[in-house]
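Trainee: Full structure from sequences and hints, please.
Position 56 of the sequence shown, counting from 1, maps to 56 under my numbering, and the rest follow consecutively.
The hints are simulated quantities; they were obtained by calculation from the structure and are not laboratory data. What you are looking at is a predicted structure, and each value in this text was computed from that prediction instead of being measured. Wrong hints could be hidden among the right ones.
Derived pair list, reagent style DMTMM-like, types lysine to aspartate or glutamate, alpha-carbon separation capped at 20 Å [as the list claims (entries may be wrong)]: (1) Lys48 / Asp68; (2) Lys131 / Asp71; (3) Lys48 / Asp70; (4) Lys48 / Asp59; (5) Lys131 / Asp70; (6) Lys48 / Asp71; (7) Lys286 / Asp59.
Okay, the calculated beta carbon distance ranges per label pair [stated by the list, open to error]: (8) Leu223 / Gly25: 31 to 37 Å; (9) Trp173 / Asp253: 19 to 25 Å; (10) Val29 / Leu276: 37 to 43 Å; (11) Leu90 / Arg222: 34 to 40 Å; (12) Val269 / Gly60: 42 to 48 Å; (13) Gly60 / Pro19: 44 to 50 Å; (14) Asp99 / Leu12: 35 to 41 Å; (15) Arg135 / Asp70: 15 to 21 Å.
Each residue gets a CB set at the ideal place from its N, CA and C atoms; glycine is no exception.
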Amino acid sequence: MNDYFLLPMASLPFPNIDPILVQIGPLAVHWYGIGYIVGILFAWWYAKRLVTNTRLWPDGVLPMKPIDLDDFIVWAAVGVVLGGRTGYVLFYDLRRYIDHPLDIFAIWQGGMSFHGGLLGVILAMTLFSIKRGIRTWSLFDVVAAGVPVGLGLVRIANFVNAELWGRVTDVSWGVVFCNERLQQTVAGCVAGLESRHPSQLYEALLEGLVLFLVLRFLTHSRLKLKTPRFVGGAFICGYGLSRIFVEFFREPDQQLGYLFGGWLTMGMVLSLPMVLAGIWAMATAKPVPQPQPA
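Mentor: What follows is the structure, encoded as structure tokens:
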């Protein structure tokens with residue numbers, strides 16, 4: 001009998017969604033890549049909306065021109081891809097890539113680190129803002145405000161790819177990450193037939209929707225763009241807290257396992273400094289000094 005029909009009764013079956021959206025010959029468009037592209041384009045569009053809304057800025061003085069963001073999108077894309085891939089190679093699976101260095105370039109197979117991508121974008125923002133004479137923290141604020149949407153989309157793509165699944169659970173919404181398509185692959189249903197937390201969707205909700213709404217409240221209701229680095233700090237802290245929370249439900253990377261005590265993961269270790277840095281940024285943020293009348 002096919003094991004697929006022996007799934008736990010209290011679990012939800014994994015949807016039979018092909019991770020490839022469109023394929024023409026050797027060219028394949030993956031949901032994973034679409035998530036990154038749409039996320040970057042949304043953050044670019046949303047940032048342009050922010051920097052053209054005079055109500056959000058001190059005395060209505062805009063911190064940069066929309067054309068600056070048009071030029072920055074290329075810098076951001078390079079920072080995300082290079083930083084994200086480098087971070088994954090160094091933090092999560094260095095031994096494998098030392099043995100198979102050409103696999104480093106196989107980005108379509110997955111394997112991107114948010115923490116590495118963040119460092120890549122921070123470097124790109126710093127260099128770009130210096131070159132254009134823009135306040136670095138204001139650029140960080142407007143970019144950070146739209147990033148959660150991309151994070152949510154990529155986490156949904158992780159779910160479609162049946163990767164980064166959660167720990168074994170008996171909750172009624174647990175998912176068995178196995179279907180007929182996965183059974184036919186070389187790896188098979190590597191998550192097994194146990195019911196697991198859909199931790200990818202937890203992250204999509206917290207890092208995506210919830211964090212975006214929190215930042216939207218700060219930018220439009222609390223007008224925190226008038227206080228450079230507050231919004232950026234809230235984003236860093238909010239992501240770190242969300243990631244640490246979800247790590248308690250997420251299965252650690254197989255090649256790393258738990259780092260300590262059967263609960264500490266690499267995701268937690270990398271996210272804790274983000275929480276501290278975000279708290280520092282918000283606590284020390286000050287409004288832009290207003291010019292004194294002559």
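Trainee: Could you check the structure against the hints above and give me the numbers of any it violates, in ascending order?
Mentor: 8
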